Amino acid sequence: MDTTTTPTHGHRPLADGKPIQPLWVRLTHWLNALAVLVLVASGWRIYNAAPFFPFNIPATLTLGGWLGGALQWHFAAMWLLAANGLVYLCSNLFSGRLFAKFLPVSPAGLWHDALAALRGKLSHADPRHYNQVQRFAYLFVMLDIVLLVLSGLVLWKSVQFGLLRELLGGYEFARRIHFVAMALLVAFVAVHLVMVALVPRTLLSMLSAQKVKSV
Amino acid sequence: MKIQVPRILSGIDSGAALHEAKKLIVRRIEQPARRAFLQRSLTLGGLSLLTGCSISDNAGVEAALTRISRFNDAAQGWLFDPNRMAPTYTDAEITRPFPFNAYYGEDEVHVVDEAGYRLEVTGMVADKRRWALPELRAMPQQDQITRHICVEGWSAIGKWGGVRFADFLHRVGADTTAKYVGFKCADDYYTSIDMATALHAQTLLALTYDGQPLPPKYGFPMKLRMPTKLGYKNPKHIQAIFVTNTYTGGYWEDQGYNWFGGS
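Same order as they appear, the protein sequences are chains W and E. Note that the UniProt record's numbering gives residue 160 to position 160 of the first sequence, counting from 1, and the numbers run on in steps of one. Note that the UniProt record's numbering gives residue 177 to position 177 of the second sequence, counting from 1, and the numbers run on in steps of one.
For the record, the hints were derived by calculation from the structure and aren't laboratory data. Keep in mind that the hints are not guaranteed to be accurate.
[To be verified] Restraint-style ranges between C-beta atoms, simulated for each label pair:
{"hint": "1", "chain 1": "E", "residue 1": "E106", "chain 2": "W", "residue 2": "P51", "range": "17 to 27 Å"}
{"hint": "2", "chain 1": "E", "residue 1": "P87", "chain 2": "W", "residue 2": "S208", "range": "47 to 57 Å"}
{"hint": "3", "chain 1": "E", "residue 1": "R96", "chain 2": "W", "residue 2": "L164", "range": "23 to 33 Å"}
{"hint": "4", "chain 1": "W", "residue 1": "V180", "chain 2": "E", "residue 2": "P97", "range": "26 to 36 Å"}
None of the values given here were measured: they were computed from a predicted structure. No residue lacks a Cβ here, since even glycine has one placed at the ideal position from N, Cα and C.
Starting from the given sequences, assemble the full structure and let the hints guide the process.
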């Protein structure tokens, strides 16, 4: 098993004086969190107008008060999600951060780190270094949000984005994709929040220009 | 803040007390993750409460959302391609029965008297005469089987026939540089659309449904059928058409639905 990319034991020298998360990462992260919160809560209200599963989302968890209000919130936050997401993806690509932080990720490495995590043997000593489970989860959620935006475009403008509509299996199928991608995003957020609660200093590194400390 | 003054208590084994205290404190500190988790769960609960409460009712928020909705109108107008057609379907794909939808119940459907019906055409048009139903039926007719998409998210495929709206607008000498075409309906519904959509090749003044005259529940004697727009932009029981540069909104649009309502 290849473990050279996943130093789960031992620590590299850490103190380099740079913040753990650069400002643009912290900014785009929280703007994204806000957009996702508004989109999910208003999206649930929109789903309730014509549910295709045998359940409704409890109204108290939804945003907008009624369908028209929910649509207004949804169509406002979609601009924030799309613009902020573009800034995030472009900055990640052009700064090289995408490759440095999230790649490589391999099934073998993922399996190794997942087992280590379940045994409580995964080190969080260096918050700059993402283990294979984290890399997979963050890459997954990036792709999931891209899929949410694409399927959302089909629902918003199904005639104008005809090719995309056909690629996603038609209008009605795109609706299911949009829903399932939302559910996966919510599942990610739930696990993400549990992890933050278990390793609270990751929250601090997302809030302030916290420097890497020697441990 | 109270200042604690350390007191020496006589008759107490300070070593044993210290040991006891350490044990208590350590037990509390050993569960930081658990406590942190509870704290953050509470914050999450606060956020979900926030979404359920009354930020929507705030007038400033409402005004901002309305402004963004108008920005969306502009974005959709810019995205709209007059040469892009909505997909069409076969007879076998028609949704049966086609759902009824209005801002009132099916038992309250408005029935228009055919003999007395006259379509009013006003605003920026050359020919303002009224139209009887046989005159509209005498114009070239078109059929389309297209998907009706409701703002609620469901969709259904139906077959409509009638006069291409662009033909009608040219026939009455409409100023096609005007911004809007508005509609007033016998059931008190009203709406308005952009001129580009009005001139789209698939925009019909529908007189038939599935080869038969429109039944009252689908908008007799005439509805506007646009597969490039959501359901609420397709008015039924149309009584008056007007061409204008003045924004007039619509029944649902005035309550917050996006005005462009494009698909």
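Hints versus structure:
no.	hint	result
1	E106/E x P51/W: 17 to 27 Å	21 Å, holds
2	P87/E x S208/W: 47 to 57 Å	52 Å, holds
3	R96/E x L164/W: 23 to 33 Å	29 Å, holds
4	V180/W x P97/E: 26 to 36 Å	29 Å, holds
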